[in-house]
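Student: These are the residues of each chain, in order.
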Amino acid sequence: MRETLHPAYLAVSLVAGLLFGAGLYIAQMTDPLVVLGFLDFGAITTGGWNPSLALVIVPAIGVMMLGVRYAGTRARPLFEHKFFHPERTDIDTPLVGGAVLFGIGWGMSGICPGPAITLIGFMPENLWIFLGAMFLGSFLGHYVLEAFNRRELIASAPAE
Amino acid sequence: MEAISIWPPLVGGLLIGLASAVLWIGNGRIAGISGLFGQLLPPARTVIWRFVFLGAMIAGGLLAALAAPGLFPGFSAPTPELVGSPVWIAAAGLLVGLGTKIGNGCTSGHGVCGLARFSKRSFVSVIVFFSVAIATVAITGVV
Chain Z
1 MRETLHPAYL AVSLVAGLLF GAGLYIAQMT DPLVVLGFLD FGAITTGGWN PSLALVIVPA
61 IGVMMLGVRY AGTRARPLFE HKFFHPERTD IDTPLVGGAV LFGIGWGMSG ICPGPAITLI
121 GFMPENLWIF LGAMFLGSFL GHYVLEAFNR RELIASAPAE
Chain C
1 MEAISIWPPL VGGLLIGLAS AVLWIGNGRI AGISGLFGQL LPPARTVIWR FVFLGAMIAG
61 GLLAALAAPG LFPGFSAPTP ELVGSPVWIA AAGLLVGLGT KIGNGCTSGH GVCGLARFSK
121 RSFVSVIVFF SVAIATVAIT GVV
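Residue numbers (the working numbering), protein chains in the order written: chain Z, 1 to 160; chain C, 1 to 143.
Bound-form chain Z, shown alone:
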């Protein structure tokens, strides 16, 4: 597929990126201790639990729901020929297995991909280790997925 290079298309990417990074910082989702402070449910009873993440995700989903609803009234986006809807609806092993691995990494570090990228502007110590490992993991994941899909294909092939 040819890459869309319409100036308005790139302007939308720019504005959305600026808003996203600013939102993450203002919400303090770029601070691993704030995120870990939310995931630390043990602290709910002992005090010191940080509810920030819940306060972030509710308006984020709410505004996006309005956006999705408005987009639903349009045949196509403003600057692209179609909406890139994720097409799959089935619950498969990679979806669940991937979420488990991601959950462990997120719980260990308090960093998910958005904050990892936004933190580049602040370059805390050892961030490059996290980023390098994250890119490597994503690269390896591509082959894990391919291997899984190959196996599925073989398993679903009709017997001779």
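Calculated directly from the structure, the hints in this document are not laboratory data.
On a predicted model such as this, the values are computed, not experimentally measured, just so you know.
All the pointers check out, no bait thrown in.
Computed beta-carbon distance windows for the label pairs:
(1) Leu41/C / Thr45/Z: 43 to 53 Å
(2) Tyr143/Z / Phe118/C: 30 to 40 Å
(3) Ser76/C / Met123/Z: 12 to 22 Å
(4) Glu87/Z / Phe75/C: 38 to 48 Å
(5) Leu40/C / Arg151/Z: 19 to 29 Å
From the three backbone atoms N, C-alpha and C, an ideal C-beta is built for every residue, glycine too.
For chain Z, the structure is supplied; the task is to place chain C on it using the hints.
Tutor: Chain C alone, transformed into the frame defined by chain Z:
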């Protein structure tokens, strides 16, 4: 522990939702950060908008750091620091990259965009990764 002001997280969440809506309505793209950077590598074909978005995210964070103390009285944000040893950080990063690639999304793509689209796959993903992350912190503690 000092009281947490509810305004920065609410406003931040609003901006994240707005960013996702703008990208969806304007360009028909899901603002899923793991997918955005995961497809920078070959055989990716649409890379320029991804670099623009990711670069703008970095700039947006820096601009917000300048503006936030003026916008929110009492806003104090220590310079973020990563937790744990270098090996711990590397293991966590590897798992985040691997898991989001295999599971096709992270907190933004599944958590914000997917739930807002009532995606069954995203709902399952979010339940699993939140539960596992909470369990991980319960086991390892905040290192």
